[in-house]
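Now for the letters of each chain:
2 protein chains.
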Amino acid sequence: MTLTVFADRMSQPSRAIIIFCKVNGIDFEEVRIDLAKRQQLTPQFQEITPMKKVPAIVDGRFKLFESHAILIYLACSFPGIADHWYPADLFLRAKIHSVLDWHHSNLRSGAAGYVLNSTLGPALGLPLNPEAAAKSEKLLSASLGKIESFWLKGRGRFLLGSTQPSIADLSLVCEIMQLELVDEKDRERILGPHKRVMKWVADTKNATSPHFDQVHSVLLKLKEKLQSERAVGETSQNVLPSKL
Amino acid sequence: MTLTVFADRMSQPSRAIIIFCKVNGIDFEEVRIDLAKRQQLTPQFQEITPMKKVPAIVDGRFKLFESHAILIYLACSFPGIADHWYPADLFLRAKIHSVLDWHHSNLRSGAAGYVLNSTLGPALGLPLNPEAAAKSEKLLSASLGKIESFWLKGRGRFLLGSTQPSIADLSLVCEIMQLELVDEKDRERILGPHKRVMKWVADTKNATSPHFDQVHSVLLKLKEKLQSERAVGETSQNVLPSKL
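As given, the protein sequences belong to chains H and X, one line each in that order.
Counting from 1, one number per residue, gives the positions in the first sequence under UniProt numbering.
Counting from 1, one number per residue, gives the positions in the second sequence under UniProt numbering.
Among the hints, a few may not be true.
Pairs of lysine-lysine, DSS-like flavour, derived with a Cα cap of 30 angstroms [claimed, not checked]:
| id | chain 1 | residue 1 | chain 2 | residue 2 |
| --- | --- | --- | --- | --- |
| 1 | X | Lys205 | H | Lys138 |
| 2 | X | Lys153 | X | Lys205 |
| 3 | X | Lys37 | H | Lys146 |
| 4 | H | Lys37 | X | Lys195 |
| 5 | H | Lys199 | X | Lys63 |
| 6 | X | Lys138 | H | Lys52 |
| 7 | X | Lys153 | H | Lys138 |
| 8 | H | Lys138 | H | Lys195 |
| 9 | H | Lys185 | H | Lys153 |
| 10 | X | Lys223 | H | Lys52 |
| 11 | H | Lys138 | X | Lys63 |
| 12 | X | Lys195 | X | Lys205 |
| 13 | X | Lys195 | X | Lys22 |
| 14 | X | Lys37 | H | Lys52 |
| 15 | X | Lys221 | X | Lys153 |
Computed far set for chain H versus chain X, every beta-carbon distance over 12 angstroms [unchecked claim]:
| id | residue |
| --- | --- |
| 16 | Gln40 |
| 17 | Ala56 |
| 18 | Lys63 |
| 19 | Glu66 |
| 20 | Ala94 |
| 21 | Gln164 |
| 22 | Arg187 |
| 23 | Lys225 |
No wet-lab data here; the hints were simulated from the structure.
Note that the coordinates shown come from a computational prediction; the quantities given were computed from them, not determined experimentally.
For glycine and all other residues, C-beta sits at the position ideal for the given N, C-alpha and C.
Please construct the entire structure, taking both the sequences and the accompanying hints into account.
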């Protein structure tokens with residue numbers, strides 16, 4: 001029985017699961033749960049997970065949600081997954097758990113909160129909230145600082161000084177990619193000071209090529225759309241005074 | 001070399017680690033990091049963890065933070081830990097990861113936010129914030145509802161229908177215990193509707209007796225102190241009108 005991945009590629013944890021499967025040659029069926037159409041709220045999807053969130057998987061009779069739990073499950077239950085994704089070594093594995101746990105209340109919370117409140121909210125039926133966006137940006141910037149100064153310490157190009165990526169690299173980098181949606185000058189302000197983070201994002205992208213870019217193409221299409229809308233908005237604003 | 005646990009028993013994840021060690025006969029030295037005195041900000045503690053948060057452990061040359069990562073590490077690295085704490089079975093283990101991941105942005109975020117903003121803030125130098133408390137209460141109540149209706153489904157007394165507790169039971173119940181600090185009527189309003197949750201808290205307490213109560217005694221002392229202060233406050237308020 002094939003693995004089924006319920007996902008929306010607009011969701012950063014969904015993308016991490018899909019890229020992991022593709023990079024590791026895991027055979028799976030992708031079922032799109034369109035968040036913009038609120039398909040995560042349907043009774044059918046609640047049969048898969050009562051939490052009404054993507055991603056979720058069904059593998060035979062086994063259902064699972066929460067992206068980190070899914071990544072670990074996939075790394076342990078499919079044959080031939082290279083050890084670097086989720087090392088068997090007790091100490092390395094513990095450090096990976098530490099990064100993944102830290103992620104929830106730091107980078108994830110900051111980045112998702114910032115993108116939602118500064119840019120993406122209206123597409124999901126929510127208002128923009130500059131105050132919440134500013135609060136999230138603070139957490140996001142502090143988190144990027146910690147990645148730069150602590151998690152990326154060491155000789156390797158990846159988290160924990162590793163020479164090859166783990167599920168933690170994939171999870172965190174997919175989160176950072178969500179910042180592609182925000183205004184160019186905001187992204188530059190937030191990411192610009194973190195050169196090692198930007199290099200690590202590029203390294204993770206390269207290490208999972210061509211799947212990384214393919215899976216992110218939906219996000220990058222929305223980025224273009226939002227850029228065009230902002231350009232039109234700015235032009236209108238520039239034009240307005242002369243019209244008044 | 002003995003395991004060192006850096007903790008403040010006022011911190012719910014700290015208590016989970018200490019109880020786990022005691023119940024499982026793990027020899028450890030407890031080093032108190034007094035959060036009320038901001039000892040987590042000292043350069044000495046930053047040598048242990050740059051995140052400035054408890055709990056953290058040092059085991060020989062190995063340092064680790066994030067309580068779930070620590071619980072998993074302890075369950076895997078010390079001999080004789082019963083399997084039910086962190087089952088070797090792939091599917092059970094995946095479900096435990098799912099509960100623990102879910103916890104971060106749900107019960108943990110809701111309960112910690114509610115207690116901090118409604119009650120504990122001033123003790124840590126932060127103002128009370130009724131608006132933030134109300135928002136956190138909503139998340140907390142929804143999380144308790146999900147524990148009641150989903151995570152506690154099944155025949156056993158513990159999460160995931162298990163007959164014996166896992167590290168997830170310990171982590172989540174220690175979080176719920178933090179509600180002991182809030183006003184009795186608020187706790188009743190929040191916990192009252194969730195009878196299965198309250199039974200599960202009692203079952204987890206019993207399964208880890210006498211360590212659970214011993215480790216929580218600091219919290220219960222603060223509870224008494226806060227109750228006395230509230231009683232004095234209410235008496236003053238009742239007396240005021242006749243004095244005016």
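For each hint given before, does the structure comply? Return the numbers of the non-compliant ones in rising order.
1, 4, 7, 10, 14, 15, 17, 18, 19 and 20
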